[in-house]
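Asks: Assemble the complex: chain G is given as a structure, and chains W and D must be docked to it using the hints.
Listed below are the residues making up each chain.
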Amino acid sequence: MAGNNKVFRRVANVIMVILCAMAVIPFILLISSSITSEQVISQSGYSFIPRQIDFSAYKYIWLARKGIVRAYGMTILVTSVGTVCSVFLTTTLGYLLSRKDLVGRSFLSFFVFFTMLFSGGMVPSYIVWSQIFKVTNTVWGLILPNLMLSAFNVILMRTYFTMNVPDEILEAAEMDSCGQAGILFRIALPLCKPMLATVGLFSALTYWNDWINGLYYLTRAKELQTIQNVLNSMSNNVQFLKDNASVSIGLEFSQHIPTLGVRMAIAVIAVIPILVIYPFFQQFFVKGIVIGGVKG
Amino acid sequence: MKKSRLIATLAAVSMLASSFAPMAQAGETEAASDPSEWPVVSVDVLSFTDGLDRKDEVQQALNDYLVSINAGVQAEFVVNTWGDRNNNLTMLLSDKDNPIDLFSWRFYSSVDALVKNDQIISLEPYKETYPDLFTMYPEKVYKTCQIDGQQYSLPSADSFCNFTAYMLRKSVAEDIGVADMDGKKVSLDELNDILTKAEEAYPDQAWWGDMKATNVIGFDTLGDDYWLGVLQNRGIGAKEVVNAYKTDEFKNWCEQTKWYNDNGMIPADPENTVPTGTLYRDLVNSGGYLDGYGIEYIRSLLHGQGDTGEGDFILLQLNDNVGTNASVFDGWCISSLCKNPDAAMKLLYLMTTDENVCRYFTLGIEGVTYKVDENGCAWMADGVDDSTLGWNLSAPWKYPNQCLSLPYNTDYANYYKDMQACWTDDSIQYSDGMGFIFDSSPVYDQIKACQMIVDQYRDALLYGEVDVDEYLEKFNEELDDAGINDVIEEKNRQFQEFLKNSAS
Amino acid sequence: MKTNQSTALYSAVITSDPRKSRIKRLRKYRSLYILAIPAIVYLIVNNYFPMAGLILAFKNYSYSKGIFGSKWCGLKNFTYLFGSKWAGIMFRNTILYNLVFIFLGTLIAVVVAILLSEVRSARAQKAYQVIILIPYLMSTVLIGYLVFAFFSSDNGFINNSILKPLGFDPVKWYMKPNAWPGILIFVQMWRSFGFQSIVFFATILGFDKTLYESAVMDGATTWQQITKITLPLLKPTIIILIIMSIGRMFSTDFGLFYQVPQNTGMLYEATTTIDTFVYRTLMEDHDVGRALAAGFLQSVLGFFVIMIANTIVRKVEPDSALF
Numbered sequence: 000m001a002g003n004n005k006v007f008r009r010v011a012n013v014i015m016v017i018l019c020a021m022a023v024i025p026f027i028l029l030i031s032s033s034i035t036s037e038q039v040i041s042q043s044g045y046s047f048i049p050r051q052i053d054f055s056a057y058k059y060i061w062l063a064r065k066g067i068v069r070a071y072g073m074t075i076l077v078t079s080v081g082t083v084c085s086v087f088l089t090t091t092l093g094y095l096l097s098r099k100d101l102v103g104r105s106f107l108s109f110f111v112f113f114t115m116l117f118s119g120g121m122v123p124s125y126i127v128w129s130q131i132f133k134v135t136n137t138v139w140g141l142i143l144p145n146l147m148l149s150a151f152n153v154i155l156m157r158t159y160f161t162m163n164v165p166d167e168i169l170e171a172a173e174m175d176s177c178g179q180a181g182i183l184f185r186i187a188l189p190l191c192k193p194m195l196a197t198v199g200l201f202s203a204l205t206y207w208n209d210w211i212n213g214l215y216y217l218t219r220a221k222e223l224q225t226i227q228n229v230l231n232s233m234s235n236n237v238q239f240l241k242d243n244a245s246v247s248i249g250l251e252f253s254q255h256i257p258t259l260g261v262r263m264a265i266a267v268i269a270v271i272p273i274l275v276i277y278p279f280f281q282q283f284f285v286k287g288i289v290i291g292g293v294k295g
Numbered sequence: 000m001k002k003s004r005l006i007a008t009l010a011a012v013s014m015l016a017s018s019f020a021p022m023a024q025a026g027e028t029e030a031a032s033d034p035s036e037w038p039v040v041s042v043d044v045l046s047f048t049d050g051l052d053r054k055d056e057v058q059q060a061l062n063d064y065l066v067s068i069n070a071g072v073q074a075e076f077v078v079n080t081w082g083d084r085n086n087n088l089t090m091l092l093s094d095k096d097n098p099i100d101l102f103s104w105r106f107y108s109s110v111d112a113l114v115k116n117d118q119i120i121s122l123e124p125y126k127e128t129y130p131d132l133f134t135m136y137p138e139k140v141y142k143t144c145q146i147d148g149q150q151y152s153l154p155s156a157d158s159f160c161n162f163t164a165y166m167l168r169k170s171v172a173e174d175i176g177v178a179d180m181d182g183k184k185v186s187l188d189e190l191n192d193i194l195t196k197a198e199e200a201y202p203d204q205a206w207w208g209d210m211k212a213t214n215v216i217g218f219d220t221l222g223d224d225y226w227l228g229v230l231q232n233r234g235i236g237a238k239e240v241v242n243a244y245k246t247d248e249f250k251n252w253c254e255q256t257k258w259y260n261d262n263g264m265i266p267a268d269p270e271n272t273v274p275t276g277t278l279y280r281d282l283v284n285s286g287g288y289l290d291g292y293g294i295e296y297i298r299s300l301l302h303g304q305g306d307t308g309e310g311d312f313i314l315l316q317l318n319d320n321v322g323t324n325a326s327v328f329d330g331w332c333i334s335s336l337c338k339n340p341d342a343a344m345k346l347l348y349l350m351t352t353d354e355n356v357c358r359y360f361t362l363g364i365e366g367v368t369y370k371v372d373e374n375g376c377a378w379m380a381d382g383v384d385d386s387t388l389g390w391n392l393s394a395p396w397k398y399p400n401q402c403l404s405l406p407y408n409t410d411y412a413n414y415y416k417d418m419q420a421c422w423t424d425d426s427i428q429y430s431d432g433m434g435f436i437f438d439s440s441p442v443y444d445q446i447k448a449c450q451m452i453v454d455q456y457r458d459a460l461l462y463g464e465v466d467v468d469e470y471l472e473k474f475n476e477e478l479d480d481a482g483i484n485d486v487i488e489e490k491n492r493q494f495q496e497f498l499k500n501s502a503s
Numbered sequence: 000m001k002t003n004q005s006t007a008l009y010s011a012v013i014t015s016d017p018r019k020s021r022i023k024r025l026r027k028y029r030s031l032y033i034l035a036i037p038a039i040v041y042l043i044v045n046n047y048f049p050m051a052g053l054i055l056a057f058k059n060y061s062y063s064k065g066i067f068g069s070k071w072c073g074l075k076n077f078t079y080l081f082g083s084k085w086a087g088i089m090f091r092n093t094i095l096y097n098l099v100f101i102f103l104g105t106l107i108a109v110v111v112a113i114l115l116s117e118v119r120s121a122r123a124q125k126a127y128q129v130i131i132l133i134p135y136l137m138s139t140v141l142i143g144y145l146v147f148a149f150f151s152s153d154n155g156f157i158n159n160s161i162l163k164p165l166g167f168d169p170v171k172w173y174m175k176p177n178a179w180p181g182i183l184i185f186v187q188m189w190r191s192f193g194f195q196s197i198v199f200f201a202t203i204l205g206f207d208k209t210l211y212e213s214a215v216m217d218g219a220t221t222w223q224q225i226t227k228i229t230l231p232l233l234k235p236t237i238i239i240l241i242i243m244s245i246g247r248m249f250s251t252d253f254g255l256f257y258q259v260p261q262n263t264g265m266l267y268e269a270t271t272t273i274d275t276f277v278y279r280t281l282m283e284d285h286d287v288g289r290a291l292a293a294g295f296l297q298s299v300l301g302f303f304v305i306m307i308a309n310t311i312v313r314k315v316e317p318d319s320a321l322f
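Read top to bottom, the protein sequences are chains G, W and D.
Residues in the first sequence are numbered from 0 upward in steps of one, following numbering that gives the first Met the number 0.
Residues in the second sequence are numbered from 0 upward in steps of one, following numbering that gives the first Met the number 0.
Residues in the third sequence are numbered from 0 upward in steps of one, following numbering that gives the first Met the number 0.
So that you can see chain G by itself, here it is in the shape it has in the complex (with noise of 0.2 Å):
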């Protein structure tokens, strides 16, 4: 009976290792036709091997490394800053639906689930945030529109408050007068720090990944722009030209749009810190996961 489970385990591990080849080979190819130059691609070919090594790609980034920093900079900026702000408000309103004897806690908790349902559209967005609250080209524009709270993660986080943090603890602590709000950080937040890793983590690979902000809300200030802008900025350009295709207005183009390389080379550089970041981050966040209905 051991041998059988070792067996399965053995099949885990292939199968596992045949996934992990499959979402691998796709980004060596990215590597790959960032090394390769444009010319060579269009006679012989897309290879995982490329048949000339030519960096011309990240030679052009390097010259272009002004504009690239400082789309890395705001990325982080607004990846911490947005990330820091969504826990925060996460953590708050998660652990305030937690608490079972809350008054409208059934309400609230709809309040919260009805806005994965619904959503008022771009547009409409556009005009609370920009008219409102004035976000439109600052770096406020790029945080706090849509990114920062999702009911998905007050739903997962709730339900971790209710699952992980006993009810004697409270109650003991209530005993001890401590505030509602200081249970909240000295003893429920130290017992839920794999879900505040895990929703820390599902946040900042939101806010890693967005462009849609920076596309909207970024109208003026396009200094403000973070990496993703810039790799979305730049397959606009050709998604507009082919879209458009006419010679002439190729032709006046074709100096200023960077090779499909570069446009490779540039995603590589825009994922390789998260694939870095990510294993610290890891051990606490399979931790965090439990997921609840909406009443929890």
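Please note that the accuracy of each hint is not assured.
Okay, derived cross-link-like pairs now, SDA-like style, lysine to any residue, Cα gap no bigger than 20 Å in a straight line [as the list claims (entries may be wrong)]:
| id | chain 1 | residue 1 | chain 2 | residue 2 |
| --- | --- | --- | --- | --- |
| 1 | W | K54 | W | E75 |
| 2 | D | K23 | G | V102 |
| 3 | D | K163 | G | G44 |
| 4 | D | K125 | G | F279 |
| 5 | D | K23 | G | G181 |
| 6 | D | K175 | W | K499 |
| 7 | D | K27 | G | L101 |
It is worth saying that the hints were derived from the structure and are not from the lab.
Replies: Positioned in the frame of chain G, the structure of chains W and D alone reads:
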């Protein structure tokens, strides 16, 4: 408790939003004496890829100049890259606090849609203040930017007529012995003979042009990229709107491109290949169609703005100069949220009539971004290169009056003079549909359904990737189902009305 | 600590003390309410305010008059969605793709999560987790390039390096709508399986270890442990996640259906969903009312579907219902 707060805040939002209506104050025509109190007008400025490093510098230089002529208005540049411009303009045009004031509609929208969405204001009130702005071009040209007889947009200066030429790599032309035909007029059949020879000599290369070459097919599309109802013979003497996809011209053209494709003259995956100069530089492609009002103009377009790598091209003219709706490429508008339309109009006036103002936009700052040679042509300034230039010099056509600029990166000093000459050249023919603007609202749903069908089928036909007879028949059946006949009927009805009105 | 999540979850409701007066309870949690105010205000501002904009679905939006100043126009904004063959195609595609994504995606993620939990080497487990997350980190634009690198007809990897050496004719993938449901489903599974399975994996790790230990003591095989312990414990999570995704059944990831097939016309029958249809038709109109009409419809339909799904679940499996 919470609810009432919510309602109060909602009410606040609604108040804010309902005060959207443009402030219709009669702006002062007298300039305030202190330039820092002058209204600032934000202007759509084009960048090809990213931000322009010298934006602030050029803006400052322009504003200093505006002060020196006591213009009473200052400018703020809003840099838009082509790819993001669509989104950016939509956002800016709904930003009540800080909208864009002056912009042009090319690659964004049409005058018709802009008016329907209430995005722009009528320029009629300014006809008396700036009469010269409304008499620069042939009257037909202005009509293309009018809705219900009101001028909503000021057309950007161009030749307003063009023909199509085929460009062929000179080394290839020399090899197959046609180099001496440079600048000559040829028929499509003659061109095909040349291409056959070229393909025999260079089987690896493609001779691909923009397959939507409407001039070669012979349509006046009436400004509709989907060709839902067009005029034949490029609109000359046209009496009615027809279904483009049922014409012989279209079918012949599809058979033509099929022949190109079958003979390996079109590169792989044409629908997903961007026709940039890279294709030419890498010797993937060695031919293509270009539109322009004159052979020399096209040649300098190719030199000045293109990047085709080594070697020259010869040009073969395929048809005559004709003006259609589609040859009015662009026009400038004032946003409906603009807080000071009078100031915006003043700046638009200066951009169109003052060569110094114009050149800040088209060329930047003399000595910094460009220099002028003894011929009166502009070149990139000394000490800068493509990556340190910081200003976009290759899109003079983006601004209201490129004719006040200087020819850039070319020795063809008459580049703009010849362009202007077209405005008064009586030998140039114009489409009878010039100035006809279709009000699509009665058949909106049918149009949208048909557009998707066109996207689905047309490219495959135009790139010669499918069997023409079979595919075209299916295409037409689907279009019929989607209601193309309603569209054409309505378009024709409006067109007949238009003809009657323009005759009287 | 907890033998069954759902009992722990729902026992919570019972333990609350109904006799305590509301005022007292309000006062008790005063500081927590205050702490949560920013979050609640954020939701109101960010999510509820813009909902007022949904009335634009029934208005002729004027950029100069704004949301409340624009004129009403009845259902005019909705008609373009239903006028043609595209109505059938886009609703069919949206729903079918989403159903496949939801169910196949969950299946794959659960299987991978279980496999991952059976890997005993800590280092290998960690490495697997990092690697399978890579696709999730790539933007759809980039995935579009990669897909093109594989499927392009002349230079593509599949035609060039697989079909050609094997002696097959190259296939023009971008002209074959029939191939695209498969490609798109594969791409979606490829890029989302890592993230989803890690969510399930983390849930599995939270299960009570003693259950497994006693099962091993009773001589249960790995297979039995999976079917008798892991899956039943995982069931509420699976069901809740499915119900949550069903709410978005009428919306699709624009990038996947627009950028990945490179907006190729010939593939429209296979790639048009409600979102791409709306984008394509309104690209040049900038007609906010019509765009919102589609969004409104998606939300309302999603709302009904989620209500129905939840009601059914509540009847059959009360413990797993979302609300």
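Asks: All hints are to be evaluated individually against the structure, with a verdict given for each.
Replies: Cross-check of the supplied hints:
Of the pairs offered as hints, the one joining W:K54 and W:E75 holds, with about 10 Å between alpha carbons and a cut-off of 20 Å not exceeded. Proximity of D:K23 to G:V102 is assessed by CA-CA distance (about 10 Å); at most 20 Å being required, the pair is judged to hold. Proposed proximity of D:K163 and G:G44 is supported: the alpha carbons are some 12 Å apart, at most 20 Å. With a CA separation close to 10 Å, the supplied pair D:K125 and G:F279 stays within the 20 Å bound.
A threshold of 20 Å between alpha carbons decides the hint, and for D:K23 with G:G181 the separation of about 19 Å falls inside it, so the pair holds. Our distance criterion of 20 Å between C-alpha atoms is broken by D:K175 and W:K499, whose separation comes to about 48 Å. About 9 Å separates the Cα atoms of D:K27 and G:L101, which keeps this hinted pair within 20 Å; it holds.
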